[in-house]
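In order, the protein sequence lines correspond to chains X and C.
The first sequence begins at 823 in my numbering and counts up by one.
The second sequence begins at 1366 in my numbering and counts up by one.
Hints may contain errors.
[Unchecked claim] Selected chain C positions facing chain X (in silico; Cβ < 7 Å):
hint, residue
1, A1439
2, I1463
3, A1465
4, S1561
5, R1564
6, A1617
7, E1622
[Claimed, not checked] Okay, the calculated beta carbon distance ranges per label pair:
hint, chain 1, residue 1, chain 2, residue 2, range
8, X, I1102, C, A1443, 39 to 45 Å
9, X, I1102, C, D1770, 39 to 45 Å
10, X, T935, C, D1533, 31 to 37 Å
11, X, L956, C, D1533, 56 to 62 Å
12, C, E1423, X, Q872, 37 to 43 Å
Bear in mind the hints are in silico, worked out from the structure with no lab data behind them.
Backbone N, C-alpha and C fix where the C-beta goes; we use that ideal spot for every residue, glycine too.
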Amino acid sequence: MTRLRPQVVALLTPYLLGAFLLIALPAGISFFISFTRFNGIDRPLFIGWQNFQLLRRDPLFWVAITNSILFITLAIPLRVLGALGLALLYSRPRRAVGFYRTAAYLPTIIPDTAYALTWLWILNPLYGPINDALRLLGLPAPAWLADSAWSLPALVFISLFQIGEGFVILLAGLRHIPAEVNDAARVDGAGRRQIFTSITMPLLSPWLVLLSVRDVALSFQSTFTPAFIMTRGGPYYSTFFTPLFIYESAFDGLRFGQAAAAMLMVFLATLLLVALVYFIFEGQGFDED
Amino acid sequence: MKTRLLVFIVLIATLVLSACQPAGGSISFMVFGDPAELAAYQKLVDSFSQAHPQIQVELIQVPGQSDYRKRLSADLTAGDPADVLLINYRRFAGFANIGALEPLGAYLEKSSLITEADLYPEAVNAFKWQGELTCMPQNMPSLVVYYNKDLFDSASVPYPAADWVWDDFLFAARALTKDVDHDGVTDQFGVGIEPSLIRLAPFIWQSNGVIVDDDSNPSTLTLDLPEDLIAAEFFVSLQTVHHVVPNADEEASEDSESRFINGRLAMFFNSRRGVPTYRESAVFDWDVAALPQKDVPAGILHADAYCLPSASKNKPDAWTFIEYANSAEGQTIIAASGRTVPSLISVANSPAFLDPNAKPANSRVFLDTIPTIHALPIHPNWAEIEESASEEIMRAFYGEASVDDAMLRAVQLSREIFFEK
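Pulled out of the complex, with its shape left as it was, chain C reads as follows (with noise of 0.2 Å):
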């Protein structure tokens, strides 16, 4: 019995000692993403922690962007949040606007390793709030298409051009989406896309479309313009008329990324976050091509940034991690992994990003785009605001609802969201 209670006492003393330890030199790094892109973030920290060996890091995944921002909020309201976080620019400013994050434009300018010019001014921009860098921009991407070459090849259809519109992906799309055993079941899809508001947002504005009254102060979505409509009717109707998207059914059977992985889906709307996995998982030949053009050239920004909260205990360390992390060295890490277009114009030119023997060969499609690239608004509900429209875009793609109910009732929603919440 007293040697039960010596052990217990011992470990009760153990926990207490080791809950009481300095938190000097030590730091949390909060990233989302699948084990492949936690694989990339585990090479940068180890890289990090052989230039830093006194900051230790501890690597915390949580793998949905959705779930992030959960545990990122109760993390935050319980004041003990990760020292650096990943967030996307969409989401950044429902916390920068609740002063939850640390604005890092002062300390870029102090940095010996980085400054604003090395980046690109697109994802810069992205993460300014009131005006002040509030988080590094970590990357550039922007949605492409993901293309299974085989299945083009097999098909016998051109690989998609660097100039392609929406007929020539209509035209690829139909030609591969197949019924190979003629039993009425599709069983290769032409074209996987999620049915959301960033996804149609591109479309929107190839057609002239917007997608706000007013992208620096917005008030309401605008999904109910005669352009806006135009674009929804052609997204809606890869679906509800030409079947070369997997419907609701079949989509909840097997969502379409892993279709695309699995060899059974031509072409993948995904931004640069897939490549990861892509390389580890996908057996067969595939590249990324521009989107599909109409009108204007468009495409839509997919930025993540490197954050510091404010009630982050050991800002410093944070910095140093965040600094080393956007540098040279730390981005070339991450971009060898395939997960980034690096922010930093340097190494974005440099064979970290776009080696021709690392897939995709057409990496500098990314790059390329850029000056065509539009962002979302920022907006400390525009989380909110995406997810209620995409619920309604949605409905329509499923052909739950008409193209024109959708939106307006997207539209009407929206406001709501801006305003009163």
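Same shape as in the complex, but just chain X (with noise of 0.2 Å):
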């Protein structure tokens, strides 16, 4: 084993401390706290499984858990799709692609908050634009966040802007595929659909695995600005997910035991889904050798 350098150690010191206690401290914290009832304010007192017991029959749970596995069905693979089509478009050289580029990324690097603001008034039922434009086509126009059957799909759509991570990310897998297998099939007849297929797809797949499963723990979490700035849950719950819940069961109910349980169930439901992509990418990366 190769002895790290001093300076390398003095660098990685403070991420590794930040990590340690911003990070894995509270994390075994909240797992300790999840088998107690915890208000806040008395000692913790140990209650077994009572917590997990609790949330099994807590419709509101299933709701929230409900909520969120589907918004990351529907996301994933879309916002995975955008960034590989973008990626795509904007990987040759050609005039203006820096332009191109930075507008693709602009939107991720807006604060979540202004976002979900200027979407709150981009998806306005009656003064929005997009309504607007709707009713100039003679479309029927829903009214987005109102409307319970329409705010989930809303979240999902306003998610798809947000992609520029995984847009870098698939870019730089693009460059990592060498010039010469292009050329080398292009030299043997095939055609751009064969060359995406056979060579560009399987080649960029350990890209797009890290993609997916980033983005499942990620949207785990990423839900909560939106729904706490636009929707608040609503309407009806339709955009209840599980961020929102241990908030509400945390700072509302001062129940800390029962919403750091449900964290930990959807650390859980994190690893389950992170261990699906896998098995559905399965096969499909390459090897280095």
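These two chains come separately, so use the hints to put the complex back together.
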């Protein structure tokens, strides 16, 4: 094993310390709290599996889990496909490609709250530009966030514009594919579609796995801000996701034990989904050797 | 490089020193409300600072009540809440139940500025937890109807009478709901009312219904009783049948309160808290009326109080502030801003509150209806019960469920929250 240089250790220490203090330690404490009754003020009281039993009987918890899984199932394939499409579109040098790449990345760096507030206006059922355009075209204009049938799809739609990071990752992935491979295929008479299906996609699949796994883990949490700002979980719990459930249980109901138990369940659900993604992509990766 | 290092060290030293300053003589005061309400509290703080220059007060504002409650929970959990808190009577029990609030009865007994007898008993009783006065009631407001007199005049509809009934109200609401340009879209609504339990409750009491099985020890909501359902049907029909209230899309596009302030909604149900904003922003003539009645006259209490958290590090100064804020001088300042119906009987009956030159001209309606005011039950989980029931009421109100189904569901869900959580 190579010895770490002192500079490397010095540079890593703040991050390791931060990761321990801000992630590992709170996660450990949360794990402990999930087996207690804790109102935030009195001492936590150990109650075994009771929080998990309460969660099992709580219809709102299942609504939150169902909504979160529905969001992930709808959003992730679309987000990964969107990032892939953009990466393919803007991978080759062409006129003003830098501008297009920046434009594709830009929505990702807008702070979440500002992004949510902007969309709140864009999706306004009566005065928003989207419905104005739909009415102009003679198309039905849904109430979006005010309609329980449309609110979750609307949040999925909104999330599709914040795919800048995935776009950059796949752009790097495309650059990683040696030009000689494509050239050789072309010489052998392969068409564009054949190159895409037989070369680009297989070589890109590890990147797609990475992106999907990352998105699964992120999506369980990233629904908080849009739901909190735009819908407050409504109408009628249609956008009530797990982070909102955890937040409400802890800071509204002062049931920190139950909130921690829900967090643990979400963690397990994330692990399961990540495993599922690996399973789906199994055999599609490539071996560097 | 050396200079930079020096500047850095000085900065760190300043930060450390400022953090180590003694806490004595300074308190924080956390309130909810919009900018106009905040201005009223700022006046109170300024006046207090003049009377007690040795005590510094930091005013913290969180706009919405729901966010306020969550911020408060986080602060209490962190052991670092503001020294003086403003809490509604429907929400204080959750905090009192876990010992987060210092009971104030003993403080009040020693006060030379105020006594319990100076305050409206309805407000005092709303802040008793297990028989003990927990917070000092700041106000005594109830739900009223704010109405745009200009819109009533232009539609030749008589202003609400003191003894108006549901039918009169519905007649006015229909006459004031208009599609001005005949494009099929309603431009002016007769009524704006939040589809929530706190708005529905007075209609239920007026129909001889009850909200819970036992006011002092509730175990379930009773919204599925026949009397309650009559009230709920009427309440919901305002939107689903008569269309005198904005529907879900219209409400999401522009909320009823904004419509009222912009002069495009005739009657808006609110407590006293809307007054500072309406005084500042409404450019039309407006006033308040009592709630329309049915079988039994009934209104609903909306009181807030100053509370002292047990974790406060400066309780003596915090009490000094609460005592001042609830003295005739302090309550006069807030009453003059329009924000409160004073809980001090003397100030409520003074020109500070009843000034005929300040809107609303008919402020007396808040005092006249006190004898018929009902309060919601005091229960640690009440805020959650109310939110859960309001979701069901909203579903019926916007036509996504029948009244019977929604009320039954609200009752079923309430049992879980009363007991299990």
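Hints and how they fare:
Restraint check, C/A1439 versus chain X: the minimum CB separation of about 6 Å is within 7 Å; hint holds. Hint status for C/I1463: holds, given a least beta-carbon distance of 5 Å to chain X, under 7 Å. At about 6 Å, the closest approach between the beta carbon of C/A1465 and any beta carbon in chain X falls short of 7 Å, and the interface hint on this residue holds. Hint status for C/S1561: violated, given a least beta-carbon distance of 12 Å to chain X, over 7 Å.
The beta carbon of C/R1564 is not positioned within 7 Å of any beta carbon in chain X (closest approach about 17 Å), and the interface hint is therefore violated. The interface hint given for C/A1617 holds, since its Cβ lies 3 Å from the closest Cβ of chain X, which is under the 7 Å cut-off. The interface hint given for C/E1622 is broken, as the beta carbon of that residue sits about 16 Å from the closest beta carbon of chain X, more than 7 Å. Separation of X/I1102 from C/A1443 is about 43 Å and conforms to the stated range, judged on CB atoms against 39 to 45 Å.
At roughly 40 Å, the beta carbons of X/I1102 and C/D1770 sit within the given window of 39 to 45 Å. At roughly 45 Å, the beta-carbon separation of X/T935 and C/D1533 lies outside the given 31 to 37 Å, and the hint is violated. Look at X/L956 against C/D1533: about 41 Å separates their beta carbons, and that is not inside 56 to 62 Å. One distance hint, 37 to 43 Å for the beta-carbon pair C/E1423 and X/Q872, holds here, with the actual separation near 40 Å.
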